[in-house]
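S.K.: Single-letter residue listing:
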Amino acid sequence: MKDGIEQPTRLVNIRNISGLHGIRETEQGLTIGPLTTLAEISDHPLIQSQYQILADACGHAATPHIRNMATVGGNLLQRVQCWYYRSSDFQCIRKGKDLCFAFDGLNQYHAIMEYATCPSVAPSSAAVALLGLNASVELSSAKRGKRTVGIRELYVVPDANPTKFTVIEPDELLTAIVIPKPAPGTRSAYQKYGEKESFDWAIADAGVVLEMDGDVCRRAVITMGAASPVVRRSPQAEAALAGKPITQETARAAGKVAVEGAQPLSGNAYKLDLFPVAVYRTILLAAGQRDRDPSAAG
Amino acid sequence: MPDPKGFHPQAPDEHPEPSTLSDSARSGITRRGFLKGAGLTAAGTALLDGVQAFSSETAAAATSGVTELGPGPTPVRLHVNGTEHTVEIEPRTTLAEALRIQLGMTGTKIVCDRGVCSGCTVWLDKMPVNSCMTLAIDAVGHHVTTIEGISSEDRMHPLQAAFVKHDAMQCGFCTPGMVMSCAALLERNPHPLEHDIRHAVSGNLCRCGTYPKIFAATMDVAGTTRNA
Chain P
0 MKDGIEQPTR LVNIRNISGL HGIRETEQGL TIGPLTTLAE ISDHPLIQSQ
50 YQILADACGH AATPHIRNMA TVGGNLLQRV QCWYYRSSDF QCIRKGKDLC
100 FAFDGLNQYH AIMEYATCPS VAPSSAAVAL LGLNASVELS SAKRGKRTVG
150 IRELYVVPDA NPTKFTVIEP DELLTAIVIP KPAPGTRSAY QKYGEKESFD
200 WAIADAGVVL EMDGDVCRRA VITMGAASPV VRRSPQAEAA LAGKPITQET
250 ARAAGKVAVE GAQPLSGNAY KLDLFPVAVY RTILLAAGQR DRDPSAAG
Chain H
0 MPDPKGFHPQ APDEHPEPST LSDSARSGIT RRGFLKGAGL TAAGTALLDG
50 VQAFSSETAA AATSGVTELG PGPTPVRLHV NGTEHTVEIE PRTTLAEALR
100 IQLGMTGTKI VCDRGVCSGC TVWLDKMPVN SCMTLAIDAV GHHVTTIEGI
150 SSEDRMHPLQ AAFVKHDAMQ CGFCTPGMVM SCAALLERNP HPLEHDIRHA
200 VSGNLCRCGT YPKIFAATMD VAGTTRNA
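Quick note, the sequences are listed as chains P and H, same order. Here the first sequence is numbered in numbering that gives the first Met the number 0, starting from 0 and rising by one per residue. Here the second sequence is numbered in numbering that gives the first Met the number 0, starting from 0 and rising by one per residue.
Source of the hints: derived by calculation from the structure; they are not laboratory data. Treat the hints loosely; a few may be bogus.
One-sided excerpt, in silico: chain P residues whose CB lies under 7 Å from chain H [stated by the list, open to error]:
(1) R14
(2) T62
(3) P63
(4) H64
(5) I65
(6) M68
(7) N160
(8) S197
(9) F198
Keep in mind it's a predicted model, so treat the numbers as computed, not measured. Quick reminder that beta carbons are idealized off the backbone N, C-alpha and C, glycines included.
With the hints as constraints, model all of the structure from the sequences given.
M.R.: As structure tokens, this is what we get:
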């Protein structure tokens, strides 16, 4: 609204609905109210111990001051940070016009895959973690009741509908985030890389969830933010780890295939080098074989 | 990532149009629909309880438990630096605007107005927040502390004195926000290490580059040393 992109005539303040706030442990896992702040999530002992990827992601979004106030629901539902979209001087395809200015313009922070219509990337780091944890959101409507939607399915890809960012209908509210309990032996981590080492939007971020069976990775979930218009999993990287021990070699191999098929734009070929490193280092961080990368944004 | 506002690409030939969607496009966001949705969480009654404004409630709003505010000015009670103030503000007013314009407390600086620089840092119940990104009505029921509130008439906060001693400012525009961020850190951790201070001000931008002196001033007050 401050940028003049939206001028709603009426706003509803939901900040004081206490039922939408808080972290609840259930038999199935965790239920997080959408008004829970990023700081509350990253400081939560249970999330720090069993859902490390989420504590990492929420603890490295924006600044400490913003994390004190910003809600996880708001983080998930942010619109894209593309400077053309965010400028009231540009009427782009995401605002219902015909053009995307990023393809021929400045696109160094944009997508390297799955971007036929619009290459701006979804900015939510919480989504990178929640997709890794196979979380879903509960959407509630007065007319149609509740429905549950997976984190990936929450987002509408611009190829399907460029002006619709999420599947949430105007009469719906995001009322809960539901995270299943990780399988025994699960280890996870998230790291974000920006241009600055503190307080920056991701130019590449990676989420890693490893279900370990002793030294062998039974199943891996690798998620990538800032690679495509909506948060994505990398089936190639996951396959590269499944059934193998986590070592420097297997982690590197997984990182390498994470950008398979990527087609950079004029200004972002560097991401082809950055993502493999982000994925590789985050796999080792999740496996406990490496400390948090000091060059990752924190 | 650079601030998009600082970036001025060639505007397209097409004459810029207002980018608003028509009201009808948003007609789904009705109070009624929202309330029913909120009711599903069994929490609808808590709606806007915190807003102790003397609002002009419509009949419908009164029965549904919703307080309707604006678009005109509404009296709102803010608790700032230990004193209750009643200010007449439009509901869209940010806390930073209310502090500076209605209450005349210009120590809090509005710089980026986007939560990017933390020059507007104040405490909400001792928690540092960006007042430019906080609606004043959301501060109702909380204790707001501004840079004016941490010193008394003729005595600076020890951290302010340390900033002077260490010459921890140049142009001074980021200084109130820096002091509020570091003082909030000292409230929760009286003996921070440099790492903790760096983290505490990681959202505070200083274009003059006074960071090392800010770290030194804060460690001086904390009694910690650079290499501790």
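S.K.: Each hint: holds or not?
M.R.: Here is what the structure says about each hint:
Given hint, P:R14 at the interface with chain H, holds; its Cβ is 6 Å from that chain's nearest Cβ, closer than 7 Å. At about 2 Å, the closest approach between the beta carbon of P:T62 and any beta carbon in chain H falls short of 7 Å, and the interface hint on this residue holds. Residue-level restraint check for P:P63 holds (minimum Cβ-Cβ distance to chain H is 6 Å; threshold 7 Å). Interface restraint check: P:H64 against chain H, minimum CB-CB distance 5 Å, threshold 7 Å, status holds.
Proximity of P:I65 to chain H holds as hinted, the smallest CB-CB distance being about 5 Å (cut-off 7 Å). This hint holds: P:M68 has a C-beta 5 Å from the nearest C-beta of chain H, less than the 7 Å allowed. Hint status for P:N160: violated, given a least beta-carbon distance of 14 Å to chain H, over 7 Å. Look at P:S197: its Cβ gets to within about 4 Å of chain H, closer than 7 Å, so that hint holds up.
Proximity of P:F198 to chain H holds as hinted, the smallest CB-CB distance being about 5 Å (cut-off 7 Å).
The earlier numbered hint that this structure contradicts is number 7, and it is the only one.
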